[in-house]
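Protein chains: 2
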Amino acid sequence: MLENITVAQLKRMTLKELLALCEEIREVITKTVLKNGGHLSSNLGTVELLVALNYVFDFPKDKLVFDVGHQCYAHKLLTGRYSEFNTIRQKGGISGFPKREESEYDCYNVGHAGTSVSAALGIAKARDVKGEDFNVIALIGDGSFNNGLIYEAFNSLRLLNTNILLILNDNGMSIAPTVGSMHEYLEILSEDIAQKNKKDRHAKIFERFGFAYDGVYDGNDLEKMIFKLEEVKEKLKIQSVILHVLTKKGKGYSFCEENPEGTHGITNSAEKFDEYSEILGRTLTRLAEKDNKIVAVTAAMTSSLGLSNFFKKYPERSVDVGICEEHAAILCASMATEGLKPYYAVYSTFLQRSFDEIIIDICGQNLPVTLCVDRAGISGADGETHQGVFDLSFLNFIPNLTVAVPKDINEFEKMLEFSADFNAPLAIRYPRAGKKIFNKREKIVCGKWEILAEGDGKYAVIACGERALNCAFNARKLLQNNGINVSVINACFVKPMDTEMLDSLKESFILTVEDNMLIGGFGSLINTYFSAAGKVVKNFAYADKFIPQGSVSELMKEFGISAEDIADYIMTNENR
Amino acid sequence: MLENITVAQLKRMTLKELLALCEEIREVITKTVLKNGGHLSSNLGTVELLVALNYVFDFPKDKLVFDVGHQCYAHKLLTGRYSEFNTIRQKGGISGFPKREESEYDCYNVGHAGTSVSAALGIAKARDVKGEDFNVIALIGDGSFNNGLIYEAFNSLRLLNTNILLILNDNGMSIAPTVGSMHEYLEILSEDIAQKNKKDRHAKIFERFGFAYDGVYDGNDLEKMIFKLEEVKEKLKIQSVILHVLTKKGKGYSFCEENPEGTHGITNSAEKFDEYSEILGRTLTRLAEKDNKIVAVTAAMTSSLGLSNFFKKYPERSVDVGICEEHAAILCASMATEGLKPYYAVYSTFLQRSFDEIIIDICGQNLPVTLCVDRAGISGADGETHQGVFDLSFLNFIPNLTVAVPKDINEFEKMLEFSADFNAPLAIRYPRAGKKIFNKREKIVCGKWEILAEGDGKYAVIACGERALNCAFNARKLLQNNGINVSVINACFVKPMDTEMLDSLKESFILTVEDNMLIGGFGSLINTYFSAAGKVVKNFAYADKFIPQGSVSELMKEFGISAEDIADYIMTNENR
Chain A
14 MLENITVAQL KRMTLKELLA LCEEIREVIT KTVLKNGGHL SSNLGTVELL VALNYVFDFP
74 KDKLVFDVGH QCYAHKLLTG RYSEFNTIRQ KGGISGFPKR EESEYDCYNV GHAGTSVSAA
134 LGIAKARDVK GEDFNVIALI GDGSFNNGLI YEAFNSLRLL NTNILLILND NGMSIAPTVG
194 SMHEYLEILS EDIAQKNKKD RHAKIFERFG FAYDGVYDGN DLEKMIFKLE EVKEKLKIQS
254 VILHVLTKKG KGYSFCEENP EGTHGITNSA EKFDEYSEIL GRTLTRLAEK DNKIVAVTAA
314 MTSSLGLSNF FKKYPERSVD VGICEEHAAI LCASMATEGL KPYYAVYSTF LQRSFDEIII
374 DICGQNLPVT LCVDRAGISG ADGETHQGVF DLSFLNFIPN LTVAVPKDIN EFEKMLEFSA
434 DFNAPLAIRY PRAGKKIFNK REKIVCGKWE ILAEGDGKYA VIACGERALN CAFNARKLLQ
494 NNGINVSVIN ACFVKPMDTE MLDSLKESFI LTVEDNMLIG GFGSLINTYF SAAGKVVKNF
554 AYADKFIPQG SVSELMKEFG ISAEDIADYI MTNENR
Chain B
14 MLENITVAQL KRMTLKELLA LCEEIREVIT KTVLKNGGHL SSNLGTVELL VALNYVFDFP
74 KDKLVFDVGH QCYAHKLLTG RYSEFNTIRQ KGGISGFPKR EESEYDCYNV GHAGTSVSAA
134 LGIAKARDVK GEDFNVIALI GDGSFNNGLI YEAFNSLRLL NTNILLILND NGMSIAPTVG
194 SMHEYLEILS EDIAQKNKKD RHAKIFERFG FAYDGVYDGN DLEKMIFKLE EVKEKLKIQS
254 VILHVLTKKG KGYSFCEENP EGTHGITNSA EKFDEYSEIL GRTLTRLAEK DNKIVAVTAA
314 MTSSLGLSNF FKKYPERSVD VGICEEHAAI LCASMATEGL KPYYAVYSTF LQRSFDEIII
374 DICGQNLPVT LCVDRAGISG ADGETHQGVF DLSFLNFIPN LTVAVPKDIN EFEKMLEFSA
434 DFNAPLAIRY PRAGKKIFNK REKIVCGKWE ILAEGDGKYA VIACGERALN CAFNARKLLQ
494 NNGINVSVIN ACFVKPMDTE MLDSLKESFI LTVEDNMLIG GFGSLINTYF SAAGKVVKNF
554 AYADKFIPQG SVSELMKEFG ISAEDIADYI MTNENR
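Chains as they are written, first to last, in our numbering: chain A, 14 to 589; chain B, 14 to 589.
Pulled out of the complex, with its shape left as it was, chain A reads as follows:
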């Protein structure tokens, strides 16, 4: 039934057919996600809601803005992407997130939390300016609802004098269970309304901002949803509406329903890697035993960051603030003013949200906050919005900040030990997983690199991080077959650089390798260092493009980093 379905056909279906369609969608999603990886339980929970939305509204004339996009799979299947659905999250395939480039049914690209209400307001405002007539809907989960952007958007609803429908899809979960007072408030609303009372009084928060509040309804009850959306569509002609629905994360699959956090994101990797997050969790827990000043802060990703045990062991010294990356950074800075030793663990891509606070609050006050920047470098299948390839570029220029890139999980552990006594802002960036151990090191000294392999004295390859060093060593091997020995240097501190080592390099050709953008990254620091020195520097780093989905290794090669390219460059130089 799902194959070749059009929105027009969907609108002519009976309820029974629609319910069967929902089951088919669930099967396709489950089958595909177990194969390709992706977001499972969040997508299973919203099948009925998305069928109902496509039934009631007229997409693409009406516009549906997703928040984050962990709930968009059913929408993709209903809007012409069934046949490509098996390519989801693969290189060249369809995206796991809404994508304007992919379909006119996707009107706004997302990936980071909290943007949907602002985007829906902008689209509605544009509609009004152009004098057009269509509906704009934001679909947001309760996890995203913690983000400060929601408040900023709410605050301007009346200013913009426009109407949108906001569907609050409340499943009680971010990736982890949703935390915070707004979530507690949503729970109170749900309970009250289950008891059919107090509705008017409690919904006041939303009404203050200019929304009519309508809820709470069962978002997995297709018939009710269709009826409710028809009703709300009328109301929307008069004013903006919040429709509050409850859905069951993982709906339809008991394993997912019982384990919504574990099945939020499914990884399809077969290979066994060591996770840097495990090292973070284990080491920080150990360090915190000796140092009661250590505190840990996360923004809704405690488990994936490896900190579940820390949080269990030290509840009074840990806090997950929900998807509030700005607030998390200031909490760390302010706790540090009182002598605590905060660790803020966060994915590279989400750290972008803390940018101003890293500058003003943490580094501007020169406070000993450690940023544990996970998923740095290419992250893979989630695509453009999730690649961690900008962090060196946006951290390197911040005064007072030390930027470290451990070469492997062992060095990461040493780096964390180093951080415990380091009394200034520090960022440590690392990828999700590694497997190679280069060598064990006794002691980390700030700004000091190490030579991992000696060469002939003509070419030095300076690389930061495990992936870059792997490329360097693989290139070294390729070149050794041609009788060339390059030296390989572990630049475990990107800032400050080891200028003593740089000054002592006898090699006239310097190659840099990093899992980050070329512009503003490690290589550009080396270029500046040698800009008047008569050395030839060649950088291997990512080109000035957004990096789409794919496997880490194929994307690294395609966008600028590979052993083959390094070896080719040197061979070409030799044969010139």
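If you are wondering where the hints come from, they were derived from the structure by calculation, not from laboratory data.
It is possible that part of the hints are untrue.
Chain copies aren't distinguished; within one or between two, either way the pair holds.
Within a straight-line C-alpha distance of at most 27 Å, the following computed DSS-like cross-link-like pairs (lysine-lysine) qualify [said to hold, decoys possible]:
{"hint": "1", "residue 1": "K143", "residue 2": "K303"}
{"hint": "2", "residue 1": "K143", "residue 2": "K248"}
{"hint": "3", "residue 1": "K74", "residue 2": "K246"}
{"hint": "4", "residue 1": "K217", "residue 2": "K261"}
{"hint": "5", "residue 1": "K143", "residue 2": "K237"}
{"hint": "6", "residue 1": "K261", "residue 2": "K306"}
{"hint": "7", "residue 1": "K548", "residue 2": "K508"}
{"hint": "8", "residue 1": "K508", "residue 2": "K570"}
Place chain B on chain A using the hints.
Leaving out everything else, chain B in the frame of chain A:
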């Protein structure tokens, strides 16, 4: 009375003496600000409140966190800084903002809006972790209260399980009158309570998040404030409290009371400059006549950005969203998805708050949003938190973004005309004021530079922006006295660069000049471009330090850009 006052003495004063003290404080503030520049009306409005706070609480044991810091002058005068107060905002003098380095009575550095509640929570949490006992107070104006950080902090109040006092100083103004639904709500609260009714019902928003709400009181009534704060101090032992006070911005000086926006910030500059903001306002208004797709978005700075007339003329095509820089950026992106042509005008330092949205929403979707980045480069007397010296570094590496730096106000006008037909993300950065016109140019072509002065062929000085070009031309003059002619190139696009011109340069010594940090800035792009080319490149840009307050010219020189240093470098090179 104010001279040599200590907090201990203050606590022994009679009400009459305290009232006289308030008048003295007002006089000192007014006299000093009219001389040094600074924030006038906001500081006049909070004199009684700060006297009362110092009377009731025990600073520095208790902690007072300011939001933004436009209200801290009376606190400075009361806590040991009377004798240095005449140096405020001057090089080497005391700061116009709270500063930990300056006094133990300043517990948290600020400058950007909305951080105070998060910081107070972090300090309170640290107190609890350490088992200490003191009070933590956040003092925030209603303008800052629009920022999303407030919501993020509120959301975690119960999570952190700690108590703070939040004083909401409501004067109805940001720099401009405060806008938005939260502000309207605060007005409703004030009116209701003036009528002595409905209090319980309306204060629910705050209570939902775990605060006891207490208000509204006259913050300029010293006696009442002292009484109320004593009461709240007791309540604080049980739970967090919001104390809502109304103050009169500019209180005590009729000119300020009647003109609070015009007297928010006072500039002490005598020299007459042309303001880039005037060009923005005039040109954008003109372009919008022909193009009804043009819309303008600001975040609480419409007038200082030069857009008051635009807003008056095109109310349906303009919106000031309050201090919500993230939301503003997404509004622009989403309006652009619907075919509008949005201009987001913002100070460089505040654009830092939109960083993630520039990457994901604007550039990730390759949308034709124009960022008008005002106050770029060193901004002067406001110090570290307000220097616009990072924007080239945090914009250059974002894919799809074109970065332009006009050489003077004429070229800025041409650049805006260019932007109207430019169908991709564009940032135009410029300082507050200029005075020199280099030459008039007919047409801007993307990525094309111009040679402003031909040289002998040995040294090329490539500079971006008016200030950098002034340094370059002044250096050229100094060198001409020594018989050396350097060429001067206007790099009006930092990205993309004019590679055709770069490739054609016969000069072997390339000098770059920019009003931005060295790391990640324009010069570093040039270093990368020439990293294997055998040219010697020397960069003039800001050192890797936070730049404190001072005059623009003295700070430029001290931190790395001056005609003398450029000339010295070349003379040294000649004499080598």
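Hint by hint, here is what the structure shows:
1. In this assembly of identical chains, the alpha carbons of K143 and K303 lie at most 27 Å apart only when taken from different copies (15 Å versus 63 Å within one copy).
2. Taking identical chains as interchangeable, the C-alpha atoms of K143 and K248 lie at most 27 Å apart only when both belong to the same chain, with a minimum of 22 Å there against 53 Å between chains.
3. For a Cα distance limit of 27 Å, the shortest separation of K74 from K246 inside one copy, 14 Å, qualifies, whereas the shortest one across copies, 56 Å, does not.
4. Proximity of K217 to K261 under the C-alpha cut-off of 27 Å is restricted to the intra-copy arrangement: shortest distance 26 Å within a copy versus 29 Å between copies.
5. In this assembly of identical chains, the alpha carbons of K143 and K237 never lie at most 27 Å apart, being 34 Å within a copy and 52 Å across copies at closest.
6. Neither within a single protomer nor between protomers do K261 and K306 lie at most 27 Å apart by alpha-carbon distance, with minima of 40 Å and 42 Å respectively.
7. Taking CA atoms no more than 27 Å apart as the test, K548 paired with K508 passes in both settings, with 21 Å inside one copy and 25 Å between copies.
8. When the C-alpha separation of K508 and K570 is checked against a cutoff of 27 Å, the pair qualifies both within a copy, at 26 Å, and between copies, at 25 Å.
Figure legend: structure checked against the earlier numbered hints; hints not met, in rising order: 5 and 6.
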